[in-house]
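**Q** Protein chains in written order, with our numbering: chain V, 931 to 1254; chain B, 248 to 376.
Just so you know, the hints here were simulated from the structure itself, not pulled from any lab data.
Keep in mind the model is a prediction, meaning the values are calculated, not measured.
Idealized CB from N, CA, C, for every residue including glycine.
Some clues are possibly wrong.
Partial selection, computed: residues in chain V whose CB lies under 8 Å from chain B [stated by the list, open to error]:
1) L984
2) R986
3) Y1002
4) Q1028
5) G1029
6) P1054
7) V1086
8) S1089
9) Y1091
10) H1094
Selected chain V positions facing chain B (in silico; Cβ < 8 Å) [to be verified]:
11) N1000
12) P1001
13) R1056
14) M1059
15) R1060
16) I1078
17) S1079
18) K1080
19) A1081
20) D1082
21) E1088
What follows is each chain in one-letter form.
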Amino acid sequence: MNSSENQWPRLLEMFHEAGVGHILSRHRDHVVNQLTALARVYAEKLSDAPQGVLPRSLTLDGLVDEHRRNPYRVAPVLQALAFNCSAEMLAMMWMVQQGAVVHTIDYKFERGTRSTLEVSIILPDRTTMRSFCSREHWDLAVLRLVGISKADDQPVIESFYALHIPPAEGYAKLQIDPWILRVLEWVQEYGSGSFFCASLIDSRHIDDVANATVAAVQRGWLKPSAPRELQAVSKDPDAASVAIAVLSGDAAMVVALTPTGRRALRRTRFYRILAQASAHSLRMVRSELERVLDVPDLAAHTPDEIDEFADQLLAVKALLEDAP
Amino acid sequence: MIGGSDVVFDLGGMDASAALASVARIAQRSWPDAVLVDAERGRRFSSYTAAEFGTLHEIFVFRDEAARHTWEELGASDDNMNTIVYAIVRDDVLTLVLEDPRAAPMASIVSALDGLFHSGAPWQSWRAA
Chain V
931 MNSSENQWPR LLEMFHEAGV GHILSRHRDH VVNQLTALAR VYAEKLSDAP QGVLPRSLTL
991 DGLVDEHRRN PYRVAPVLQA LAFNCSAEML AMMWMVQQGA VVHTIDYKFE RGTRSTLEVS
1051 IILPDRTTMR SFCSREHWDL AVLRLVGISK ADDQPVIESF YALHIPPAEG YAKLQIDPWI
1111 LRVLEWVQEY GSGSFFCASL IDSRHIDDVA NATVAAVQRG WLKPSAPREL QAVSKDPDAA
1171 SVAIAVLSGD AAMVVALTPT GRRALRRTRF YRILAQASAH SLRMVRSELE RVLDVPDLAA
1231 HTPDEIDEFA DQLLAVKALL EDAP
Chain B
248 MIGGSDVVFD LGGMDASAAL ASVARIAQRS WPDAVLVDAE RGRRFSSYTA AEFGTLHEIF
308 VFRDEAARHT WEELGASDDN MNTIVYAIVR DDVLTLVLED PRAAPMASIV SALDGLFHSG
368 APWQSWRAA
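Start from the sequences and build out the full structure, keeping to the hints where you can.
**A** So, in structure tokens, the structure goes:
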């Protein structure tokens, strides 16, 4: 899925707003792959449709823009993605949300053998039909999101409606400020291949680890009630280091390393920038970065200026990685 | 400007823009050439696809372009009876202002929305932040 700029932070917000932010935090590659597949299927299905009946392509920019204009159209599709629905059904849903109408739904299930969902829709020109078929059992979740009604005693399915999904235990409602998003962008851009995950969790799950060394941090930061997959990370003997930083009163950024062994431990200086402040606040993280980068007031700078500082941060990271 | 009857729906937590979009879609079943107009700012949307519901609280759904024209030129008249749905969302309540809720196709529209809001859409469904 193409994008003219880095839409990752906005996408993160959109998923969280739909109540399924965890999917992006835990399975970023899956989300990216599914969005890419959605764009491909959508374009294929409309390649020979009459001109103007629906936009011919779906880009990440388009997705973000539609969320700004009509968030109720986007949220069900993001939830379906989180429910493991196939790109075929996501494309169908996207067309319906844009104004196509559901014509037929045919679902067949045989225990242990078959789960087939076929949907046909009529595009907004009221004549062009498109069919979607899937044998993916998870696609049954599409039916959770169907809006059911009757008109003149006849069945009506007009659209999809997102479910209200409370923040899962361990995942706080996000109050993301631009500064935090910038940090996430750094993680995204510079952490490629190094980070197992970057996630936001409720600070209730974090023990105080003030002034801890990184070695202590990696074993000391999770409470028993923390999300299971994060506990798994902390118990993984190959997980060399886990660093966290409390970024606001309610949320924390979690950064876990995949590289193993001593080499990863040598990287710890970089992560300690975040980890040293893990028990306290965004202010401490920020001040630590300000100290490392020698920038007096990071929050007062423009995103472009912060990008320059990020380059410096990258240099620091590279320096640390090369250290013996 | 518009007389008629009010039909009130408790949205049960549904997002306001989703509710207004539902009105548009349900009305379009009866009026395939329906014209959607932002009732607060007067924007006429070229289609449902192009409509922007995210910030709407009120919407006019006209039966067709001719109905919109007569409503704008003449207001309510004998010639344009039951050719408009005026939908307003405030405080988790959707109000439809209709001339005659029992007349066709209003009764069908009201019935479909009633079913959707009471049984067919998730109770306390998602709403925009």
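**Q** Decide, hint by hint, whether the structure agrees.
**A** Results for each hint:
no., hint, in the structure
1, L984, "holds, 6 Å"
2, R986, "violated, 13 Å"
3, Y1002, "holds, 4 Å"
4, Q1028, "holds, 5 Å"
5, G1029, "holds, 4 Å"
6, P1054, "holds, 6 Å"
7, V1086, "holds, 6 Å"
8, S1089, "holds, 6 Å"
9, Y1091, "holds, 5 Å"
10, H1094, "holds, 5 Å"
11, N1000, "holds, 5 Å"
12, P1001, "holds, 4 Å"
13, R1056, "holds, 6 Å"
14, M1059, "violated, 16 Å"
15, R1060, "violated, 15 Å"
16, I1078, "holds, 4 Å"
17, S1079, "holds, 4 Å"
18, K1080, "holds, 5 Å"
19, A1081, "holds, 4 Å"
20, D1082, "holds, 5 Å"
21, E1088, "holds, 4 Å"
Hints 2, 14, 15, counting from the list given before, are not met by this structure.
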